[in-house]
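Chemist: Each chain, letter by letter, is given below.
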Amino acid sequence: MSDDRTITGEADRLLAAEYVLGVLDAAQRRDAERRLGADPAFAAEVAFWEERLGSLATEVPPIAPPAQVWDRINAQLAPTQRTRGLWNSLLFWRWSAIASAGLAAASLVVTYFALVSTPRGPLVATLDASGQAGFVAAIDPDRNSITVVPASLTTADQRALELWVIVPGDRPRSLGVIEAGRPVRVNVPPSLTGHLRVDAALAITLEPPGGSPTGLPTGPIIASGKLTNL
Amino acid sequence: MEAAGEVPDPAPDAVALMENADQLRQLKACLEQLEERQSIAIRSAFLDGITYEELASRAAMPLSTMKSIIRRGLMSLRACLEQ
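First to last, the sequence lines map onto chains G and Y.
Residue 87 in this note's numbering sits at position 87 of the first sequence, with consecutive numbering throughout.
Residue 49 in this note's numbering sits at position 49 of the second sequence, with consecutive numbering throughout.
A few of these clues could be false.
[Unchecked claim] So the derived label-pair ranges between C-beta atoms look like this:
no. : chain 1 : residue 1 : chain 2 : residue 2 : range
1   : Y       : Ser57     : G       : Pro209    : 28 to 34 Å
2   : G       : Pro168    : Y       : Asp48     : 26 to 32 Å
3   : G       : Arg171    : Y       : Ser64     : 38 to 44 Å
[What the hints assert, rightly or not] Here chain G is said to cover these stretches of chain Y; the calculated rule only asks that three of the stretch's residues, wherever they fall, bring their Cβ under 8 Å from a Cβ of chain G:
no. : stretch
4   : 38-48
5   : 52-66
Read the hints as simulated data drawn from the structure, not as lab findings.
We put the CB at the ideal spot given by N, CA and C, even for glycine.
Build the full structure now, drawing on both the sequences and the hints.
Modeler: Right under this line is the structure:
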């Protein structure tokens, strides 16, 4: 029976899903509960979603930091001038982190190794975002490349790790995808060498394979750290 | 025996656990097939237990847009889970 009942069927299935998902307002919820007692097909649909979505609750979430991490990075970047507007576009993306707040986050240790003397001062930044993952990022003296060494990443997550540089007043800029299992040398595009400065921060997010499809972070931050002078 | 009063162990049924793991695996695979924003919105809605209105407000987008994102995501998810 899928001819003239298709639309109704779809609306019912949606209502059942929305009910289980918990997105309905109070009135809609009461409607759904009435249906639940009176309509076995609807009740079966609700049971389907409860069983399926319920497994989400038992999921061991991927490493995800508290949602406030971006805020904290931002606060460190611009202690006097707040640039909240810049971050609003990231609100949507931050939810995945909100969902896992309180769980293990990550730590990123960003260190500038002054292996060669340089007119610019060496940069060291450490940030402990209370977590499991750790990276060391070494920025070469001419700012043309960054070597990122994973220190203690223990994630089986299949997503890509994407490295970002953030400076005050600008959106996060991608520096490319790195690897959890081995050191990676990331070439810095000429347009971004100027971003590697004392008031900048580096962050690593989980992204779809190949990196963020949008050019902005779409997954949770697993590590971040601010560049500072030694 | 009681182990220092921590880590409660309800000894869940192993079969049920495995079924749950299978379902979770399938659910995650299906969620990954959704548009990123659909997947994030659905996970957030479920895990945070918040309504369309709250979701829309958090994402700073119109209620109708949020509903549309989630509904389309749910229908795709339903189709994927049935496969």
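Chemist: Enumerate the violated hints, using their earlier numbering and listing them in ascending order.
Modeler: 3
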